[in-house]
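Visitor: Chains as they are written, first to last, in the numbering used here: chain L, -8 to 177; chain U, -8 to 177.
Hints are supplied without guarantee of correctness; some may be wrong.
Heads up, the list lumps identical chains together, so a pair's fine if it works in one copy or across two of them.
Taking lysine-lysine and the DSBU-like style, the derived pairs with C-alpha atoms no more than 35 Å apart in a straight line are [unchecked claim]:
| # | residue 1 | residue 2 |
| --- | --- | --- |
| 1 | 29 | 41 |
| 2 | 41 | 130 |
| 3 | 119 | 130 |
| 4 | 29 | 119 |
| 5 | 119 | 41 |
No wet-lab data here; the hints were simulated from the structure.
2 protein chains.
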Amino acid sequence: MNFCSHCGAPVTLRIPEGDDRSRYSCVACGAIHYQNPKMVVGCVPQWQGKILLCRRAIEPRYGWWTLPAGYLENGETVTEGARRETLEEAGAALHELIPYGLYNICHVNQIYLMFRAQLNGLNFSPGKESLEVRLFEEKEIPWEDLAFPVIEQTLARYIADRPQGVFPFHIEDVVRRMSRPSAEGG
Amino acid sequence: MNFCSHCGAPVTLRIPEGDDRSRYSCVACGAIHYQNPKMVVGCVPQWQGKILLCRRAIEPRYGWWTLPAGYLENGETVTEGARRETLEEAGAALHELIPYGLYNICHVNQIYLMFRAQLNGLNFSPGKESLEVRLFEEKEIPWEDLAFPVIEQTLARYIADRPQGVFPFHIEDVVRRMSRPSAEGG
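Starting from the given sequences, assemble the full structure and let the hints guide the process.
Guide: Structure representation (structure tokens):
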């Protein structure tokens, strides 16, 4: 951030009066531009025990497998956002969306909220952000080719919870892994 | 938003190629400035059956009662944020933070995440954003003087869940109420 989005004058980083951390502040009009984490909403779409994954047609992680997920938009609920992303990326409609996990990805200022969900049927197809969409049996999940650690953590938890048939809502942190090539998106 | 925060040129609202909604886009450098909901994190702090509330020393809703809550900051987890807000507004430390409810407040582009939590003790005092902090028995809760509908919904749900001793994680929408004077914050 270099300029004030309100008046166009330069901004500087300074601690506003009464605050305790640096904010981009306008040297002319005084506007303070707060920056906050963004929410990503997505789901684990399920069909008769199989899990739907999408192969990414966009960077970062072009060609890697992921769960449907994307930035929550202004004006929509978290559930609407998860439905929209699944429709956009996998052409699939959902029912029974149940909140499942929240993931703190502090190093990229993202909070993921993941649902469990049931596919309405076998009517799915890749959207423009996906190369391929398919259902995976548990033993087929491409663990080595998952796009982001948050996807790996969500699926690992889901697979671990499944034998009990109990899926408690949970909060986990996703930490940067030095052994992987870096990519945005956790 | 009037100017590009990257290069300082004017922005216009237009639908970027491949997108499906209007975004502020720079006429000079082409930067697209996405706007997304902000997360608010807070809690229902409990001590031996009583609930801690804060009376606001800031607008909106100066003088009205609220639960500790505020914007999640970059770089912090949702749990850290709820702890920080409780420390800032009520001078109180917490343990046993358990995710309780998520509230969609679409008309102000806010998502509230509320925890249940236990106070570490009776060591609390108003921070600079609070006029007063005190514990309330259930029958003393000032329902008519609560700052925001989301606070009312969280407390109503908590009180309703308490007899069963079971507090399922839930998602609710908070809708604008025409019968109240309008205020930001849902």
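Visitor: All hints, please: hold or fail.
Guide: Hint check results:
no., hint, result
1, 29 / 41, "both (30 Å within a copy, 34 Å between copies)"
2, 41 / 130, "within (10 Å within a copy, 49 Å between copies)"
3, 119 / 130, "within (28 Å within a copy, 55 Å between copies)"
4, 29 / 119, "both (23 Å within a copy, 27 Å between copies)"
5, 119 / 41, "within (23 Å within a copy, 53 Å between copies)"
Hint check: no violations occur; every hint is consistent with the structure.
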